[in-house]
Structure formats: C-alpha cells, structure tokens
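Chains as they are written, first to last, in the numbering used here: chain Y, 33 to 119; chain R, 16 to 162.
One should not assume that every hint holds.
Said to hold, decoys possible - A few chain Y residues facing chain R, derived, Cβ under 8 Å:
(1) 43
(2) 50
(3) 76
(4) 79
(5) 91
(6) 95
(7) 105
(8) 113
(9) 114
(10) 116
(11) 117
None of these hints come from the bench; they were simulated from the model.
We put the beta carbon where it would ideally sit given N, CA and C, even for glycine.
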Amino acid sequence: MGRSINLVYFAWVRERLGVEGEEISLRQGTETIDDVVNMLVERGGVYPDVLSDVSKLRFALDQDYATTESIVGSATELAIFPPVTGG
Amino acid sequence: MIRIEVSACDFDIGAETAKVAEQGGGAIASFVGQVRDDGNLDTLELEHYPAMTDKALRAIAEAAQADWPLHAITIFHRVGKLSVGDNIVLVVTGSDHREAAIESCSFIMDRLKTVAPFWKKETGSDGSTKWIEERDSDVKASEKWQK
Numbered sequence: 033m034g035r036s037i038n039l040v041y042f043a044w045v046r047e048r049l050g051v052e053g054e055e056i057s058l059r060q061g062t063e064t065i066d067d068v069v070n071m072l073v074e075r076g077g078v079y080p081d082v083l084s085d086v087s088k089l090r091f092a093l094d095q096d097y098a099t100t101e102s103i104v105g106s107a108t109e110l111a112i113f114p115p116v117t118g119g
Numbered sequence: 016m017i018r019i020e021v022s023a024c025d026f027d028i029g030a031e032t033a034k035v036a037e038q039g040g041g042a043i044a045s046f047v048g049q050v051r052d053d054g055n056l057d058t059l060e061l062e063h064y065p066a067m068t069d070k071a072l073r074a075i076a077e078a079a080q081a082d083w084p085l086h087a088i089t090i091f092h093r094v095g096k097l098s099v100g101d102n103i104v105l106v107v108t109g110s111d112h113r114e115a116a117i118e119s120c121s122f123i124m125d126r127l128k129t130v131a132p133f134w135k136k137e138t139g140s141d142g143s144t145k146w147i148e149e150r151d152s153d154v155k156a157s158e159k160w161q162k
C-alpha cells in the first residue's frame, strides 16, 4: 500500500485549480513538498500554471507552516495557498 | 486568559474590551481594523483555513504572552462577506502597564497579517474581482519583531 495525502487549496490556488482539495497517492520516493508539487505539475492541465512558481505559494503540513524542502513524512494534510492577507 | 474567536458575526468592541478589563491590570489597549473605502469596493470576502486559523492565532497570542506581562488577550477575526465600514479584526490586550498593552497589541496585529491563514478578495462596484496581494510593508512590520 502506497502512502496518500490530503491536499487542501485556498484563495486563488483553489479557484484556479477548480477544486477545494483532493486525496492523492504519493509515488515511491516522494520525500519533500517540492516532490509533491512536481508530481502535481507533471499532471499537466491547469496544474503547471498554478503551481510552477512556488515563490508565489505558501505551504502548511498538518496545519503548521512548511517550506518546499520540508519532509512530508507521515503528515496527513498538505495545504497550498497564496501569501496570507488577513487583518 | 487568551480568547480567540473567528466568526462571520460582528464583534461588540465595548463588551470585548470589558472582558479583558475584568482580568485586571488597568491598562487596556485595542485595535480595530475595518473595511476601507477605496472608492470602488462593493464587498470584501474573507476566506480562511479553518483547521489552522485557531492554532495560528493562539500561537501569536502565546508569543505575546511570553514577551509581555499580560493579563488577557482577545483576538477576534471575521470571515465571510463584508462591506465598507464593517469590522474585520479586533485585538485587545490587558496589562498593568500601558507600554506592554500597546506594544503587544501592535505585535499581534503585525504577526497576524503575515501568519494567520486568511485571504481577502475584493469585488468592485463594476463586478470585477481581485485577490489582495501580500504587501512588503506588512512583511517588514512583522519581521521587525523577530529576535
């Protein structure tokens, strides 16, 4: 059984991908958030447009901020969103 | 005492301030952020990441509590559709001393703007929509508190 992870998207990432989230199976050898993003970009469609420039994106693993180099490990949720603009 | 609330409903500034004051101290600082009129705004929609928001706001409040002698902290943030003049955010801090109350209130707002998972989307009076982008001045304001 391969590992899987829940992806959740917010703001323009959610709008442009057209989904609020999805569960994906992680390929053998997937270690970092960067690996997950690359896997999504390889799917083609809208994914490369939305996710290729990671400088415009922020990430959270199990609701804690993470970077593209962060190890996914046994995390169950990866959130991808633009820089926050609350307050 | 830390009170975190994220709601589509409005807050009562007087009641929230009184709750902080009840915790003692005598120096109460507060900040209220409202939807600004830029001349072309119809609605402002606030989206958030429910599973993370409370955790992120609590972490900011706990960091403030570690750095200033505070009796109480309230952070109230609204979500959903708002109009010009509506309240967005309220921060209230209570301490024995004015400086601690004012500085910690400022710290909480600066951190909130760059760390708490909220996103603003504007709808103009002509129906056009735009996601608000992160501002460099907010990032710098938040970084100045880094030790």
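Taking the least C-beta to C-beta distance, is residue 114 (chain Y) closer than 8 Å to chain R?
Since chain R brings a Cβ to about 7 Å from residue 114 (chain Y), closer than 8 Å, the hint holds.
Should the interface hint for residue 116 (chain Y) be scored as holding, given a Cβ-Cβ cut-off of 8 Å against chain R?
holds, 5 Å
Mind checking the CB of residue 76 (chain Y) against every CB in chain R and telling me if the closest is under 8 Å?
Check failed: Cβ of residue 76 (chain Y) comes no nearer than 24 Å to chain R, outside 8 Å.
Less than 8 Å between beta-carbons is the criterion; does residue 91 (chain Y) satisfy it with respect to chain R?
This hint is violated: residue 91 (chain Y) lies away from chain R, its Cβ roughly 11 Å from the closest one there, beyond 8 Å.
With chain R as the partner, please determine if residue 79 (chain Y) meets the hint condition of a C-beta pair closer than 8 Å.
violated, 19 Å
Let me know if the C-beta of residue 95 (chain Y) comes in closer than 8 Å to any C-beta of chain R, holds or violated.
holds, 4 Å
Holds or violated: is the Cβ of residue 43 (chain Y) closer than 8 Å to a Cβ in chain R?
This interface hint holds because 4 Å falls under the 8 Å limit.
Under the criterion of a CB-CB separation shorter than 8 Å, is residue 50 (chain Y) in contact with chain R as hinted?
violated, 15 Å
Holds or violated: is there a CB of chain R closer than 8 Å to the CB of residue 117 (chain Y)?
With a minimum Cβ separation of about 4 Å from chain R (threshold 8 Å), the hint on residue 117 (chain Y) holds.
A closest beta-carbon separation below 8 Å is what the hint needs, so does residue 113 (chain Y) meet it against chain R?
OK, holds: residue 113 (chain Y) within 8 Å of chain R, min 7 Å.
Please check whether residue 105 (chain Y) passes as an interface residue: C-beta within 8 Å of a C-beta belonging to chain R.
Check failed: Cβ of residue 105 (chain Y) comes no nearer than 18 Å to chain R, outside 8 Å.
Of the numbered hints stated above, those contradicted by the structure are hints 2, 3, 4, 5 and 7, listed in ascending order.
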